[in-house]
Amino acid sequence: MNWKIKEVILLVVLSVACGILYLGWSTLWIPISALVGPVGAGFMFGIWVIASPIVAYIIQKPGAAFIAEVAAAAVELLTGSHFGLSALLVGIFQGIGAEIAFALFRYKKYNPSVLMLSGAIAGIFNIIYNMVANGFSYYTTTALVTTLIINIISGMLLGGLLGKLIVDVIAKTGALDQYAIRTSARTKDDKNDFVVRM
Amino acid sequence: MLLEQAQEQRMIRMTSLLGCKDLSVRFYNQKKQVLDHIDITIQDGEKVLILGPSGCGKSTLLSVLAGIIPEHMEAEVSGEVTRKKRVGVMFQDPDAQFCMKHVNEEIAFSLENRKIPREKMDEEIVKMLKMVGLSIDPDTPIQTLSGGMKQRLALACLLALEPDVLFFDEPTAQIDPASRKDIFALLQQTSKRTKKTMVFVEHVLDGCIEWMDRLILLDKNSHIIADGIPKEILLSYKEEMEEAGIWRPKVYPAKWEEVVHNPSHPLNGELTQRYKSRKLRASCKKAEIEPIIVSKNAALAYKRTSVLNNINGSILRGEWVAIIGKNGSGKSTFLKALANLIKLKSGDILLKGKSISKWADKDLYSMLGFVFQNPELQFINDTVFEEVAFSARQYNFSEEEISAKTTKLLKEFGLAEYVDLHPFMLSFGQKRRLSVATMLLLDQEILLLDEPTFGQDEKSAKQLLHLLKRRQEEGTTIVMVTHDMDIVDQYADRVILFEDKEIAYNGHPYFFFRNKKGGIIPPLHYQLIEEQGDRYANEQSVLSVSH
Amino acid sequence: MLTSNQSYLSVINPAVKLITHILLMIMLMSLDDPLTTFCLWIFVIIIGISIGGWRLVYLLKVLLPYTFFFVLIFWMMAAFGKGENVLFHWVWFRVTEESVKNGFNISLRMLGFVTIGLLFTSTTDINKLMMSLIHQFKLSPKWAYGFLAGFRCIPLFQEELSQIKAAHRIRGYRNYGSWKAFSRYAVPLLTTAIRRSERMAIAMVARGFTGTKERTYYIKPTVSKWDYGYLIATLLIAGVIILFVGSY
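Chains as they are written, first to last, in the working numbering: chain A, 1 to 198; chain B, 1 to 547; chain C, 1 to 248.
A few of these clues could be false.
Quick list of in silico lysine-lysine cross-link-like pairs, DSBU-like style, CA-CA up to 30 angstroms [what the hints assert, rightly or not]:
#1 C/213 / B/362
#2 A/109 / C/180
#3 C/128 / B/120
#4 A/172 / B/358
#5 C/213 / B/120
#6 B/32 / A/172
#7 B/459 / B/326
#8 B/101 / C/180
#9 C/101 / B/303
#10 B/358 / B/345
#11 C/220 / B/85
#12 B/303 / B/255
#13 B/127 / C/225
#14 B/296 / B/255
#15 A/172 / A/4
#16 A/61 / C/165
#17 C/61 / B/101
#18 B/32 / B/130
#19 A/4 / B/303
#20 C/61 / A/61
#21 B/85 / C/180
#22 B/408 / B/181
#23 C/213 / B/408
#24 B/195 / B/130
These are calculated hints, taken from the structure and not from any lab test. These numbers were taken from a predicted model, which means no experiment stands behind them.
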C-alpha cells in the first residue's frame, strides 16, 4: 500500500510526541522501581507501547504500528533516555509485537480488542527482549511469570485501551478527518463533476 | 459598477489565468457546503485580496485555487477550476512551513524539488536571500530566526520555485505588528519587481490594502457580496466588514499627508479628539492606592543566560499594566516569574507583601490567574462547563455554588451556549475567552495575560478587552504582555518597557508615546500631533528666516 | 543532539558509522563479564577523545546525570536476581555473589550503550544522516524527509509539554502517575501535533515535494576508504579486547 506524504509526516510527528511523553513517564519510573523492583513497577509498562495502537488506529496501514514504536523509541533515546540504546532495541521488539496483532487481522480491523491485543503482544515481546539482552534469565521464574502477566495486562489497558480512548477524544474535535480512521468509514459519492484546467 | 456587470465583463474579456466556475466544496465531516457555487476570475499580474468573516470559506477557496484541494486534502468538490501548476503558498504558521534545520538546506529543498542541478544551487540560495532582504549566513539554524525573519525565509523558499502565482493565507497572523509592516513592504516590493499574480487572504488590512488591485468580500455563507476596487468597497461596505471582524485600515483610503496638512479632514479631527482624551486621562490624579506587586532588585535568568537585571518597581492594585519590548526582551519570562513559574536568580518579588517564593500554590493561584499564549495547552477537561468549574472543585465548594458561579461566568464571557462542547471544538476567539474565564472562577484579584489578542480578528479581540475592562473596574489588577500599541494606549494605566535586560520605562502610556521612548512607533494620534507640531515649528522658522 | 562537532569522526559517512556503532553495541550485549565490558567502555572513551573531539570535562558533564541511574540498575540486578552464594539478606532484598557480578555487568553495559550512542549523536548531523540513508541504504526520500520534518518538532514539543505542566500547576491539577494524568498531557500535545503535521505536509507538497526519487540533492554523502577503515579498525580492536580480556 502506498503511503501518502501526509500519513508519513503524521506518523513521524505523532511518534515524536509519544517519544517525548515516554521520556517523562520514564523519569517517573526511576523512584518507583527503586523501591518495589522491576516487577512492581511493571504496571507502568503499557504507556511505553502506546504509540503503536494510536498511530495504527489512525492510519490503518501495514507497518504503521512497528515504525511508530521504533520512531518513538528513537526519540526517547535522542532526548536523553537513561536506557540508552536499549530503549531503541526494546522499541524494535515491542514494535514487532504490536505489528503482529494487526497483521493477524490483515490490517482490516481496528476495534478495541485488536488494539488491546497489540498492547498485550508488545508486552510479551518486551519480556523476550529483556531475556535476550538484559539477563532477565537471571531472574527467578516466579518473578519472570509475574512480570509477563503484568506486562500483558498493562499493555492491554495502558497501551491499547488508553490509546484508543485518547484517539477517540481527538477524533471528536475533527482533527483526524483527513486520515484513514475517518475516511475508511466514509461513503464516497460518485458524482464527480469536477473539472480542472491548467 | 454593479457586481454582476463587473463579473460579466471580466468573464468575456479573458483568457483567464486563474479562477473557478460554479465551484462548490463540502468537507466530508460537515453537512453544510463551505463554498457554494462560486465564480471568480483572476487575471495575470493581478493582486487580489479576499476578505470575509471566520468560517466563510476564504481559506478553502485559496486552497482550491492553489491546487491543494482536492489533491492533497480530501473534500467533495464540483464545478470547474482553472489553475496553474507552479504555485507558491505561504501559510500563517511560520514553523509548519519548514522541514530542514538550516536556512540554506531549506531553500535548497525547493530547488531539489525542481530538480535544479547541485552546481547551481548555492548561487540560487544567495540570490533568494538577497531578494527577501535576509542578510544572514546561509548556515544559520532556522530556530534562531524571529517570526518575521521566518516568513521572509518562507518567501525565499517560494520564490525559489519560480511559481506563476503566489498565494498568501493570513501570512502575518502570527507575527508582531512591527514585523508585519516589514513583511507587507517586502511583499509589495516583490510584486513590483516580479509582477506576479498574488492572491491574499488576510484580516489585517494596514500595509496590504494600499497596493491591492482588487478586493473580493465574502459573507458568512461564502457568497460574494462585493468584487472590485478596494477603495470603493471599503467605503460602501463598512458594516459588513465590521461584522466580519476585519481590522479596518487606520488611514486608508485617505492619504496621511493630506490628513496631517488639513485640520478640517475628518480623520484629523477624530485623531485630535482621541489625543485630547488620552491627555486628559493622564493628568487625572488618582487616589492613593497601595501596591499589590512589588519587585525588589529582581534578576531573572533562562538556562544560565541572564535575561533581566535590576528590576525594581511596583504595580498598584486595580491597575492595568502593559509590558512591552522586543522579542526576547524577557517579557514572558518576567510574567512567568510573577506567577512563580520561574525562580528568580536574585532579588525578590512581593505579592501582597509576602515574598512570592513563600506562597503556597493553592493560596497563590486562588488569588492570581495566568492566561497562556496558546489557550489549548491549558485545557484539562472534556466539556466547557467542567473546564471552568474545575478550579472550584479543588476548594470544596458545594455543587450548587460551583454550578451557579460557573454558569454566571460562562454567560459573562458569551460561552453559555457551548457548555457541553469539548473545549477543542471552539473557535480560536472562543478558546481564548474560555482560557481567561477559567482563571476568574475564584474571582482572582490579579490576572496575568501573555499576548491575549494575538492572532485574533478585531471583533473577538475587542470583546475580550471589553470583558477585561469590566473586571478591572470591579477591582482586578491586570498585567498583560502585548505587542499592540493601540491596546496599550487605550487601556493601560501603566506601561513597562524592557530593553537591554532592564526597565527602560515605567509610567503612564501617554507620556511614553508623547516622547517616543524606545524607538516604538506610537499610535496614529501621537504621530499626527507630532508632525503637526513639526510643521508648525518649520513654518515659524521659515517665517523668521524670510524676515 | 544530532549536530556534529568539528572532529575527524564527524566526517565519517553517517550510515557506515551507524552500522559500526550498532555492531559495537551488539558485541557489548554478548558479554557477561564485567571486566571485559569495562575495557570495551574505556576503548570507546579513547576513540571519543582521540578522534571524536571529546574533552574530559564535556564527558563528565554529560555522563554524570546517568550515574544515579546506573547505581539503580546495579541495585535492581543485585538485590532481586538469582544466585546461590548469599552475601546479604533483608526483607525482600537478596544480594548474592552472582547477582552482584551480574549487576556490575549490566550497569556497565548500560553505561557502554550510552557512551557509544553519545559518540554517534555528538559527531553526526541529522540531515547528513538522513541523506546518507537515502544514498547508501536506499531509503525513500518520502520517509527521509518525513523524518527530518518530524524531528524538527522535538524542541517545539518539549516547549509545549512544559507549558502544559505549568498550566496544570496553576489550575491545581496534581495526579502524576495515573492514566488520567497521562491523557491530560497526551490529548493537547497530540492534537497540536496532528494539526501541525497536516500543515507541514501540505506545505511540503505545495513546494513540489513528491517523495519520489526524481529529484536532485543538496547534500550527497559518499563512502570512502576512510569510512571502511573506521568500521573495520573499530570492530577488530573491540574483538581483540574481548578475546584477550576474556581469556585473562
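How the hints compare with the structure:
1. Of the supplied pair hints, the one linking residue 213 of chain C and residue 362 of chain B is violated, its CA atoms being roughly 58 angstroms apart against a limit of 30 angstroms.
2. Between residue 109 of chain A and residue 180 of chain C the CA atoms are separated by roughly 26 angstroms; this keeps the pair inside 30 angstroms, and the hint holds.
3. As the CA atoms of residue 128 of chain C and residue 120 of chain B are separated by approximately 20 angstroms, the hinted pair is consistent with the 30 angstroms bound.
4. A C-alpha spacing of about 42 angstroms is found between residue 172 of chain A and residue 358 of chain B, which places the hinted pair above 30 angstroms, so the restraint is violated.
5. For the proposed pair residue 213 of chain C and residue 120 of chain B, the alpha carbon gap of about 19 angstroms is at most 30 angstroms, so the pair holds.
6. As the CA atoms of residue 32 of chain B and residue 172 of chain A are separated by approximately 18 angstroms, the hinted pair is consistent with the 30 angstroms bound.
7. Restraint check for residue 459 of chain B and residue 326 of chain B: the C-alpha separation of about 26 angstroms stays at or below 30 angstroms, so the hint holds.
8. At most 30 angstroms may separate the alpha-carbon atoms for a hinted pair to count; residue 101 of chain B and residue 180 of chain C exceed this at roughly 35 angstroms.
9. Our distance criterion of 30 angstroms between C-alpha atoms is broken by residue 101 of chain C and residue 303 of chain B, whose separation comes to about 40 angstroms.
10. For a cut-off of 30 angstroms, the pair hint linking residue 358 of chain B to residue 345 of chain B stands: about 15 angstroms separates their Cα positions.
11. Between residue 220 of chain C and residue 85 of chain B the CA atoms are separated by roughly 29 angstroms; this keeps the pair inside 30 angstroms, and the hint holds.
12. For the given pair, residue 303 of chain B sits about 48 angstroms from residue 255 of chain B by alpha-carbon distance, which is inconsistent with the 30 angstroms threshold.
13. A C-alpha spacing of about 37 angstroms is found between residue 127 of chain B and residue 225 of chain C, which places the hinted pair above 30 angstroms, so the restraint is violated.
14. Between the alpha carbons of residue 296 of chain B and residue 255 of chain B the distance comes to roughly 48 angstroms, so the proposed pair goes past 30 angstroms and is violated.
15. Under the criterion of a C-alpha separation no larger than 30 angstroms, the hint pairing residue 172 of chain A with residue 4 of chain A is consistent with the structure, at around 23 angstroms.
16. For the suggested pair residue 61 of chain A and residue 165 of chain C, the alpha carbons sit about 33 angstroms apart, so the restraint of at most 30 angstroms is broken.
17. For the hint linking residue 61 of chain C to residue 101 of chain B, the alpha-carbon distance of about 26 angstroms falls within 30 angstroms, and the restraint holds.
18. At roughly 46 angstroms between alpha-carbon atoms, residue 32 of chain B and residue 130 of chain B are farther apart than 30 angstroms, so this suggested pair is violated.
19. With a C-alpha separation of about 40 angstroms, the suggested pairing of residue 4 of chain A with residue 303 of chain B is violated against the 30 angstroms cut-off.
20. Our distance criterion of 30 angstroms between C-alpha atoms is broken by residue 61 of chain C and residue 61 of chain A, whose separation comes to about 43 angstroms.
21. Among the hinted pairs, residue 85 of chain B with residue 180 of chain C is inconsistent with the structure: their alpha-carbon atoms are about 48 angstroms apart, more than 30 angstroms.
22. About 41 angstroms separates the Cα atoms of residue 408 of chain B and residue 181 of chain B, which puts this hinted pair outside 30 angstroms; it is violated.
23. Between the alpha carbons of residue 213 of chain C and residue 408 of chain B the distance comes to roughly 60 angstroms, so the proposed pair goes past 30 angstroms and is violated.
24. Restraint check for residue 195 of chain B and residue 130 of chain B: satisfied, since their Cα atoms lie roughly 18 angstroms apart, inside the 30 angstroms limit.
Consistency with the previously given hints fails for numbers 1, 4, 8, 9, 12, 13, 14, 16, 18, 19, 20, 21, 22, 23, ordered from lowest to highest.
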